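For reference, each letter of the sequence shown is one residue, going 1 to 204 in full-length UniProt numbering.
In short, the hints are calculated from the structure, not lab data. Note that the coordinates shown come from a computational prediction; the quantities given were computed from them, not determined experimentally. Errors might be hidden in some of the hints.
[As the list claims (entries may be wrong)] Pairs of lysine to aspartate or glutamate residues, derived as EDC-like cross-links and limited to a Cα-Cα distance of at most 20 Å, are as follows:
no., residue 1, residue 2
1, K162, E9
2, K44, E105
3, K44, D107
4, K64, D107
5, K44, D73
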Amino acid sequence: MELHLTSSEPYHTVLVAQSLKSSGSQREPTPMYHIHSPHHFNRKSTKISRIDPSVAHDASYNFKGKKRSDIKDCEEYGSGVNEMARITWNTLSSSRIVFEGKILEVDQFMPRSGFLWCNRTFQGPDGLTYVWHNGSHLSLSVMRDGQKVEVVRFHEPFSFRKKPYLIVQEEAMHILDLVVATWVFVATRKQEDERTSAAVAAAS
Numbered sequence: 001m002e003l004h005l006t007s008s009e010p011y012h013t014v015l016v017a018q019s020l021k022s023s024g025s026q027r028e029p030t031p032m033y034h035i036h037s038p039h040h041f042n043r044k045s046t047k048i049s050r051i052d053p054s055v056a057h058d059a060s061y062n063f064k065g066k067k068r069s070d071i072k073d074c075e076e077y078g079s080g081v082n083e084m085a086r087i088t089w090n091t092l093s094s095s096r097i098v099f100e101g102k103i104l105e106v107d108q109f110m111p112r113s114g115f116l117w118c119n120r121t122f123q124g125p126d127g128l129t130y131v132w133h134n135g136s137h138l139s140l141s142v143m144r145d146g147q148k149v150e151v152v153r154f155h156e157p158f159s160f161r162k163k164p165y166l167i168v169q170e171e172a173m174h175i176l177d178l179v180v181a182t183w184v185f186v187a188t189r190k191q192e193d194e195r196t197s198a199a200v201a202a203a204s
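Given the sequences, and given the hints that come with them, work out the whole structure.
Put into structure tokens, the structure is as follows:
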């Protein structure tokens with residue numbers, strides 16, 4: 001499955017699902033996840049919601065809108081946009097993810113790992129260990145039978161005319177909600193680090 005962002009901001013976007021399998025009938029891309037942060041420059045929290053199929057193609061919800069203001073708080077829609085996770089962003093202490101009613105301290109649930117501590121590792125509900133690799137691109141891998149298997153990759157096109165998208169393999173579909181929630185965190189932090197590095201380079 002491909003999940004296409006409607007904006008370049010992982011913390012404020014809609015993820016639109018498109019099947020990877022080719023078939024004779026072309027299915028219309030379906031809005032699947034709604035991600036909302038109330039403030040652009042002073043972001044304190046981010047809500048991640050599932051979009052019910054019954055409203056996914058309802059024009060009044062305008063899920064495929066181009067403006068930032070088209071993405072509203074999930075409670076403003078009335079129904080069909082159901083919060084599943086929330087991130088509370090902190091700088092001086094660990095951020096928190098509320099997922100399935102559990103409050104998770106990010107630095108404990110998803111500790112840093114790998115070279116220069118750039119990666120994030122977490123254990124899935126299936127008991128397997130998953131790793132978000134933060135390199136030239138973001139990817140999620142899992143260890144199966146002693147082999148590292150890539151199950152998610154985040155593509156960020158160089159052209160500003162193209163929007164980023166995730167490719168999710170079948171092996172990760174059973175934890176898709178958790179994949180999306182953790183991806184929002186790691187992708188946002190990666191984007192922040194890149195912008196900070198660019199600003200420092202421009203000032204030097």
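Each hint tested on the structure:
1. K162 x E9: Holds. K162 to E9 sits at ~13 Å (cutoff 20 Å).
2. K44 x E105: 15 Å, holds
3. K44 x D107: Satisfied, since the Cα-Cα distance of roughly 17 Å is no more than 20 Å.
4. K64 x D107: 34 Å, violated
5. K44 x D73: 14 Å, holds
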